[in-house]
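Participant: Spelled out, the chains give:
There are 2 protein chains.
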Amino acid sequence: MTDVKHMKWWGWGLEGVGFHFEDKPEFAPFVKKAVGLDVSVPPVPPLSFDQLTVPPVRLSPSFEAELVAIVGEEAASTADEVRVVHTYGKSIRDLLRIRRNEIARVPDIVVYPGDEWEVQQIVDAAVAEGAVIIPFGGGSNIAGSLEPLVGETRSIVSLDLGRLNRVLAIDEYSGLARIQAGAQGPDIEEQLNAKGWTMGHFPDSFTHSTLGGWVATRSSGMQSDKYGDIADITRGLRMVRPGEIVELRPLPSTSTGPSVREMIIGSEGRLGVITEVTVQVHRQPEVREVQAYFFPTWKAGLAAMHEIAESDASPSITRVSDARESGFSLATRKASKGVSGAAQSVLMSVLKRRGWNLEEMCLSFIGYEGTASHVSYEKKLVGAIVKKHGGIGVGKGPGALYDQKKFDTPYLRDFLLDRGAAADVSETAAPWSKLQEVYDATRAAADAAYEALGVHGWIMCHLSHSYHSGACLYFTFAFVHGDDPIAQYEVVKQSIQQAFQDAGGTLSHHHGVGVEHAPWMEQDISVGGVKLMQGLFDSADPAGLFNPGKVLGPAQATPESVAALRAAAPRADVAEVPAP
Amino acid sequence: MTDVKHMKWWGWGLEGVGFHFEDKPEFAPFVKKAVGLDVSVPPVPPLSFDQLTVPPVRLSPSFEAELVAIVGEEAASTADEVRVVHTYGKSIRDLLRIRRNEIARVPDIVVYPGDEWEVQQIVDAAVAEGAVIIPFGGGSNIAGSLEPLVGETRSIVSLDLGRLNRVLAIDEYSGLARIQAGAQGPDIEEQLNAKGWTMGHFPDSFTHSTLGGWVATRSSGMQSDKYGDIADITRGLRMVRPGEIVELRPLPSTSTGPSVREMIIGSEGRLGVITEVTVQVHRQPEVREVQAYFFPTWKAGLAAMHEIAESDASPSITRVSDARESGFSLATRKASKGVSGAAQSVLMSVLKRRGWNLEEMCLSFIGYEGTASHVSYEKKLVGAIVKKHGGIGVGKGPGALYDQKKFDTPYLRDFLLDRGAAADVSETAAPWSKLQEVYDATRAAADAAYEALGVHGWIMCHLSHSYHSGACLYFTFAFVHGDDPIAQYEVVKQSIQQAFQDAGGTLSHHHGVGVEHAPWMEQDISVGGVKLMQGLFDSADPAGLFNPGKVLGPAQATPESVAALRAAAPRADVAEVPAP
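Each protein sequence line maps, in turn, to chains A and B. Just so you know, we're using full-length UniProt numbering here: the first sequence kicks off at 1 and counts up by one. Just so you know, we're using full-length UniProt numbering here: the second sequence kicks off at 1 and counts up by one.
A few of these clues could be false.
[Unchecked claim] Here are some, though not all, of the chain B residues that point toward chain A, as calculated from beta-carbon distances under 10 angstroms:
(1) S40
(2) T217
(3) Y402
(4) L507
(5) K531
[Claimed, not checked] Pairs of lysine-lysine, DSS-like flavour, derived with a Cα cap of 30 angstroms:
(6) A:K531 <-> B:K531
(7) B:K24 <-> B:K8
(8) A:K334 <-> A:K379
(9) B:K531 <-> A:K226
(10) A:K396 <-> B:K380
(11) B:K379 <-> A:K387
(12) A:K33 <-> A:K226
(13) A:K380 <-> B:K8
(14) B:K387 <-> A:K226
(15) B:K299 <-> A:K195
[Said to hold, decoys possible] Derived list of chain B stretches under chain A, where covered just means 3 residues or more per stretch with a C-beta under 8 angstroms from a C-beta of chain A:
(16) 15-22
(17) 42-48
(18) 148-161
(19) 198-212
(20) 224-235
(21) 320-326
Quick caveat, the hints were computed from the structure, so don't treat them as lab data. Built from N, CA and C at the ideal position, the CB exists for glycine as well.
Same shape as in the complex, but just chain A (with noise of 0.2 angstroms):
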């Protein structure tokens, strides 16, 4: 078989690696006193792979036949493992359902294309046979952008761009790099980083997803605020489409009327299949420092952010977490590393001196990059304006911590299944006048939906990825699950979803729609914008064989609906604030 890399089959990361807590002192009585649950009780495991039910191939021997020829034995797998790897990402309910045995519909087949030559035979073989296709890169989404529809009665082809991973060529005067669609975060970083390059596109999940899967997903990492989301940063690409290639060259801008680059980023597999991406990279800069502060509340972190972000500053990082996420933060520490020990103890009794509510205290990280005058420049800038809203730096020891551990973060959701707690995102973008209202009016939903259940549960928040006009808001909920945790998990999810409608904020911001979000497609574009993009899709495969049903799923929320959801996680009271 190919050495292409897979995530384990029923969780997060490679085999064997995992969250561990014991040398974590604050966690356990955190996570006690955040949803109840005693992390010390023994857990359970997921099932193992030969307890699961998984459907048998739907495949005509001469199209297997077919495919094989095109790739190689090698390159193409019916085996249950390869298959059940490819048929979810990694949401919770995509985690639930492995662990739950629910895989009503697998691929058939998955095939490992070594070429775009390839993958364009794989495609005229799958429209001619009539077969669906789902392009699959490091099988990291939790939106339900890789699962077949159940029902599906087609054959279903799972095509794996895991070969397709290298840095083909970099154009050092433009600051361009030509890579292929399936290479991941850390193959892309380490061939440009060999050659003094960046690319500084860092997504949570990016030592397991690819560039394709940022582009069809319209991913945003970290450092968006320098490098901006994957839309700004994608100048050209190459997609296969039945019987010819879509090639839009790499250009700094252009006025061609409407943009097929930002037709194809965002489509998830419903125009074809991206193979390659012409980037914009940037050299490794000089200096890069993150450095961390707190604020006495998370109204007056919000407002930092903002003044920020409207200053003649350029930070590569702009964050800053509620007091829930930074005690959780702090809690997660190591005992021995960050703002630890004696050195916190002095600080803490400074700030309870300074009048402040620990309780409330807001950690924040604000990135830097450039020469180390304009590092110095930048802080300088930035340092006058967290004074004034009262906040307070405390060096680079925790904006270090944070660098190493910034991926670690989605092994801790298979921790909390195995002791029964169910853990998952939600984030949005909203214009800065609304900011405060999406917050109030997410934190609102959330609670009175686990009231609701019943459950004890827990939400927290960061801000991150700061704009012009506004930012993204990132949340993480958890709750002990009962029973039937799916239909619990949905009350909750169904519920910070219609918020962020209500209060101003989009669907995502940058993990795209899949089957999950898309109930919520009329109300964040419109009726008319649904009709549009619909009419796009149906235009460019009339056949329905390009990973359907994702974006714009067969699930709108209905006007019943949505008015349960409103009725049952009533708007926060919060003043108005004028539409824009």
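Starting from the known structure of chain A, arrange chain B on it as the hints suggest.
Facilitator: Below, chain B alone, put in the same frame as chain A:
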């Protein structure tokens, strides 16, 4: 009638305003040298309006009555002069056709809706009638985005948005303003400035173009380095479609599938009528300065702009003219302004002593905005780069002059037309590594075309609109035409456009596509890209009522026509730059 302002039916700008050379002593000798034209010969003014043959109105009485009932008697017109003003934009082809009484097809009625609901009713009435709708903003387009198709047998409604010219609301905390699509540049800036804000969007057409037009054609303004292209500035919008409004709420960023916002931007009326746009606005900066610099050569200027884009500096304008355009700029100065008289003589002797060839010297403008200390910091960063590339700062004088007269250039075209010379502009964008090749190939293509035509021609260029990965090159060309100026113009224009494509540039950076650039769409975004876009247009407008023939026109370049253009204007002999 309504008080909506229009430009001259035969040329640029307002009646009574024009270009004068009497106070510019170096202008006449410059033009004599450049294109062999004696500007002191008596001008031949354009024909008078009553010499035009205006096609009759093709409109059913019932449809006319319906439209009049929607907007009122005052806001509908079938008068010849009104219809002619709404026929063309202001390209050289447009001006030549008007001057030669070539107006085969004009709109049959012009309506001026007073609000969005009237737009909706007009659209619905036209769709019911099977009439063509051409949205009209300021009428400044130079790519043929407005003209009715010759041979159009259906009724044509010109939908003039001029009465929708208000800033509706400013969300000061988010830096967002809701503005009606028919607002012209000065309308917008006056209303915003009164409250301390600016949109920062200043295309050359600023004084006569509208927000809706900017969005519909993917405009870019001269301060785009700081404020972004219109695609970046546009955060939300409303567009009227048959029976419904597409509403995109203002969001800083979103992950909702293919971008409907980016489908509408650049759509040139083919998807519907944009009525309202929510744009990013910025507080007016404390300091705004345009500094002038001289570089010893074009290559040095280009290299400096590249290094600025790669550096930590972030100026609001980066612009450098080639030696020819630098000479032109100096020749259009009034005798007493700018780098003038004695001071200039002293400077020139200094530069000569430094070994500069003054014939090769290039003029550059760099803009700075922000607090006083930030402007000073930025100037220091840029100053060091300029010096490294052998450039020299010459202060604020020429920059202030540039700022004052930046919107006057289009008047020069009418002045030259009165004297038998045709002048126009073509602009492109390309990665940094390809700019020199685009420049060389374009100059060679124009010169080859002039030679083939046996005319004395001229072409000059500036770089503007810098991005991380490339920049815009903006060419101005002129020649004394013969008896068939349109045919001659087409030879030159098409040679230039083909050179852009062949050297790695795009068909336009910010002028849109219209019918003029449509033949290069397949070369620019590939055949597959054109098909995706065509599918969008066809699904959104199956009857072809919305500004038909624009962006994807009837005429695509054929392999034969491309080969002919390449043969006529062989590529410059430049070093091969490795593709990214």
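Participant: Each of the hints needs a verdict: does it hold here or not?
Facilitator: Hint check results:
For S40 of chain B, the shortest C-beta to C-beta distance to chain A is roughly 38 angstroms, which exceeds 10 angstroms, and the interface hint is violated. Nearest Cβ of chain A to the Cβ of T217 of chain B: about 7 angstroms, under the 10 angstroms cut. The hint holds. Using the Cβ-Cβ criterion of 10 angstroms, the hint placing Y402 of chain B at the interface with chain A is not satisfied: the shortest such distance is roughly 22 angstroms. Taking 10 angstroms as the C-beta contact cut-off toward chain A, the hint placing L507 of chain B at the interface holds, the least distance being around 6 angstroms.
The criterion of a C-beta within 10 angstroms of any C-beta in chain A is met by K531 of chain B, whose closest approach is roughly 8 angstroms, and the hint holds. Under the criterion of a C-alpha separation no larger than 30 angstroms, the hint pairing K531 of chain A with K531 of chain B is consistent with the structure, at around 19 angstroms. For the suggested pair K24 of chain B and K8 of chain B, the alpha carbons sit about 25 angstroms apart, so the restraint of at most 30 angstroms is met. Straight-line distance between C-alpha atoms of K334 of chain A and K379 of chain A comes to about 28 angstroms, which keeps the hinted pair within the 30 angstroms bound.
Proximity of K531 of chain B to K226 of chain A is assessed by CA-CA distance (about 34 angstroms); at most 30 angstroms being required, the pair is judged violated. A C-alpha spacing of about 28 angstroms is found between K396 of chain A and K380 of chain B, which places the hinted pair at or below 30 angstroms, so the restraint holds. In summary, the hint linking K379 of chain B to K387 of chain A is supported, as the alpha carbons are separated by about 27 angstroms, within the 30 angstroms threshold. With a C-alpha separation of about 37 angstroms, the suggested pair K33 of chain A and K226 of chain A falls outside the 30 angstroms cut-off, and the hint is violated.
For the proposed pair K380 of chain A and K8 of chain B, the alpha carbon gap of about 53 angstroms is over 30 angstroms, so the pair is violated. At roughly 27 angstroms between alpha-carbon atoms, K387 of chain B and K226 of chain A fall within 30 angstroms of each other, so this suggested pair holds. Between the alpha carbons of K299 of chain B and K195 of chain A the distance comes to roughly 26 angstroms, so the proposed pair stays at or under 30 angstroms and holds. Requiring three or more residues with a Cβ within less than 8 angstroms of a Cβ of chain A, the coverage given for the segment 15-22 of chain B is violated, as only 0 such residues are present.
As drawn, the segment 42-48 of chain B meets chain A at 0 residues by the rule of a beta-carbon pair under 8 angstroms; below three, the given contact is violated. Coverage of a stretch by a chain is defined here by at least three residues with a beta carbon nearer than 8 angstroms to that chain's beta carbons; for the segment 148-161 of chain B and chain A the count is 0, and the condition is violated. Counting residues of the segment 198-212 of chain B whose C-beta lies closer than 8 angstroms to any C-beta of chain A gives 0; at least three are required, and the coverage claim is violated. For the segment 224-235 of chain B, the assignment as covered by chain A holds, since 3 residues bring a beta-carbon within under 8 angstroms of that chain's beta-carbons and 3 suffice.
Interface restraint, the segment 320-326 of chain B with chain A: violated (0 residues with C-beta to C-beta distance below 8 angstroms; minimum three).
The structure is inconsistent with the numbered hints 1, 3, 9, 12, 13, 16, 17, 18, 19 and 21, although it conforms to all the rest.
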